[in-house]
Amino acid sequence: MDPLDVSRWQFGITTVYHFIFVPLTIGLAPLIAVMQTVWVITDNPAWYRLTRFFGKLFLINFALGVATGIVQEFQFGMNWSEYSRFVGDVFGAPLAMEGLVAFFFESTFIGLWIFGWTRLPRLVHLACIWVVAVAVNMSAFFIIAANSWMQHPVGARYNPETGRAELTSIVALFTNNTATAAFSHAVTGALLTAGTFVAGVCAWWLVRARESDEARTMYRPATILGCLVALVAAAGLALTGDAQGKLMFQQQPMKMASAESLCHTETDPDFSILTIGTHNNCDSVTHLIEVPYVLPFLAEGKFDGVRLDGVKDLQEKYEAKFGPGDYRPNLFVTYWAFRAMIGLLAIPALFALVALWLTRRGRIPDQRWFAWFALLTLPTPFLANSAGWVFTEMGRQPWVVVPNPTGDQMIRLTVDQGVSGHSAGLVLTSLILFTTLYAGLAVIWFWLIRRYVVEGPLEHDSEPAPPKPPGDDEIAPLSFAY
Amino acid sequence: MALHDFWFIALAGLFLGFFVLEGFDFGIGMLMKVFGRVAKGDREQHQRAVLNTIGPVWDGNEVWLITAGGAMFAAFPGMYATLFSGLYLPLLAILLSMILRICAIEWRGKIDDPRWRGWADLGIAVGSWVPAVLWGVVFAALVRGLPVDADKQIHLSVTDLLNPYTLLGGLATAGLFAFHGALFARLKTEGPVRDDATRFAARLALPVTAVVAAFGVWTQLAHGKDWTWLILGAAVIAQLSAAMLVWSRGGDGWAFVATTGVVAAVVALLFAVLYPNLVPSTLNPEWSLTVENASSTPYTLKIMSWAALIFAPLVIAYQAWTYWVFRQRISAARIPASIGLSRRPT
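The listed protein sequences derive, respectively, from chains A and B. Going letter by letter, the first sequence gives residues 21 to 502 in my numbering. Going letter by letter, the second sequence gives residues 10 to 355 in my numbering.
Hints listed in this document are in silico derivations from the structure and should not be mistaken for laboratory results. Keep in mind that this is a model prediction, so the values were computed, not measured. Here a beta-carbon is modelled for each residue, glycine too, at the ideal position from N, C-alpha and C. Fair warning: there could be bad hints in the mix.
[Stated by the list, open to error] Where chain A lies over chain B, by a calculated footprint (3+ residues, C-beta under 8 Å):
hint	segment
1	59-73
2	144-158
3	252-262
4	307-319
5	322-328
Just chain A, with the same shape it has in the complex (with noise of 0.2 Å):
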């Protein structure tokens, strides 16, 4: 066994499992920030009890979030040691910013919020969920300019004393047009997970409970939020996927023609839609559907007239450049995993004018398969969210550091250049103890977000908390959380 295999086992499963709860908390902080802003200005219990309900959802999913985040950070030293030791100087300041200046707001503020619905006042308490709001986008900034560094070296160069990449504008760094591009993509792929997420479950309670008040008080109301939020969101995604890929086109043709398994070099090639074949060998790849005009169109915006690199070619190409070596992603993953990040995206739009049209002018729907839609529907963002991401990283093999094809290309550094030197069992064995332990808190966060959707709003929950805080004479009960 190769430890360069086992550990980017271990980094994928330990980042894909990371990513299917922040998602979440990037997207849901916001929403619930804006139902308390709403309970806040209209003194309706309606929608204190959704930002508690969805509060208490939050937390389980946060605490997950926060937990396998600080494997992130942890292991580009102990398994890639050699890649931490080359862009240190670069790739190290985003993420110690992303604790200085986000994380600890977000891990702060999320105490006091938790801790302070009856220690703070009303306005300032919900000045906490703002900034927790923020925060947490503000860490996705910071982590993604850090991966788009790695997509897209830009303000460094390669010193050759040193033998490493070297930071020369952060300002570079920041505004690199890949980070951009990926953070608004990133971003509105978590806020439509939220707006599914509270679409979704809200939808399943107003069927279920269409007959109380708290169908049209509440549900609806969070339904048709959580639905507008997916809808633009959804649309969101498509015009920045498209930037991305338009700039993908430019900095990673390789990623590009692997997503549509384009081998030859090809004016005017057909966007794929179904192929049959071993991909991994270009020759056996039948195209089976195809639309035309399409490709052209995401790679530079016109029909036609547009020359794609194909991956043998590209492959030739970089042999030529950086010496012998396979250049080429499993092609079979970057193309279905495409496929998967962008099919995915149509259930939970659909969803979202389904949810508006059967909620449309204060109806109550009560058709038992549009509970089943909206059940059915949540997961969806989640995997569109892992293919996305998958995509992107498999899709920049066998790179670790994709050179910038107008950059210092002296800057670039394969996965097995970037790998510790361990034994293939030292990591096999932590690939192991993570893979188990993850998998066992994953089923007890399914559960526990399960129960907590069947349970819905609680009772005890309808009491607003008063809106004072207590004199510091009186010893008054925390909102206990634990």
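Let chain A serve as the given structure and place chain B on it in line with the hints.
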């Protein structure tokens, strides 16, 4: 002072913040079950009172570690790469136990069921004991030196990590955190829980003073510089003051300030004896990683310095405010019933 020296101090400061703050979180987690066992009255209420003393703050405290890790990556990538890959297994154990602890604390109250809480308590205990011991072992092993070769790689043998000195280090941090945690519980609770906390602290005071002093003196004699005697002296004085205050049933606040001083002085001592090395090599002093040969470029350090100078005071300010907001003591008697759900829908 060169920027890499400043960043050595900044890194020490981040770890200091982590151990001072998370130190009592670990202590609370280590002792929570014990509080339940000795409780006269409702055990569960006692345990919840203790856990809720760190409720609003433990998550923010943990970020000191995240930031310390990030700062090490940014300021001393050579240290980050060599140390983290070299100390693979202890760091893995720390990570796994901290994951367990975060989920156990956050999920404990979500289901109102004794068996559920039992598992969460186990997670909290394991997740607090293991890092409390291992951080001491890891830092002692680092100060003692690791087999860094000419290629900056560490091939760790068992005795590099586990030997009398590092085990004493683990005992010292675990003892110190438990003592620190007991004094935090004493400061933040009232009634029977506070009485229990005082008794724990009184019992821990002597053995903890002994192991901390032994570890400090060994560190100083084996690796110290002349001026680090001062830090050791400060640690010992602070520890003795804490012990005296506990035995004389003196001020809760001052006793806690004293153990804060002990933790801070111990971290300062470890970093001071380390300087100017980051990872001393036991194979050849030439191969040691130092603040000069393992640091980032002056440009990166300058950017990081600006970020730290602007944001670190802000972080300290709002974290201090959090402690002020939750300054009231907690009593087991006033804790309302659990708002967790039953295991099955009723």
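We went through each hint and held it up to the structure:
1. Check on the segment 59-73 of chain B: 10 of its residues sit with their Cβ under 8 Å from a Cβ of chain A, so the three-residue criterion for coverage holds.
2. Chain A is given as covering the segment 144-158 of chain B, and this is violated because 0 residues of the stretch bring a CB closer than 8 Å to a CB of that chain, at least three being needed.
3. Note: the segment 252-262 of chain B has 0 residues with beta-carbon separation from chain A under 8 Å; the three-residue rule is not met and the coverage is violated.
4. Counting residues of the segment 307-319 of chain B whose beta carbon lies closer than 8 Å to any beta carbon of chain A gives 6, which reaches the threshold of three, so the coverage claim holds.
5. Closer than 8 Å: that is the beta-carbon criterion, and the segment 322-328 of chain B has 3 residues meeting it against chain A, so the requirement of 3 holds.
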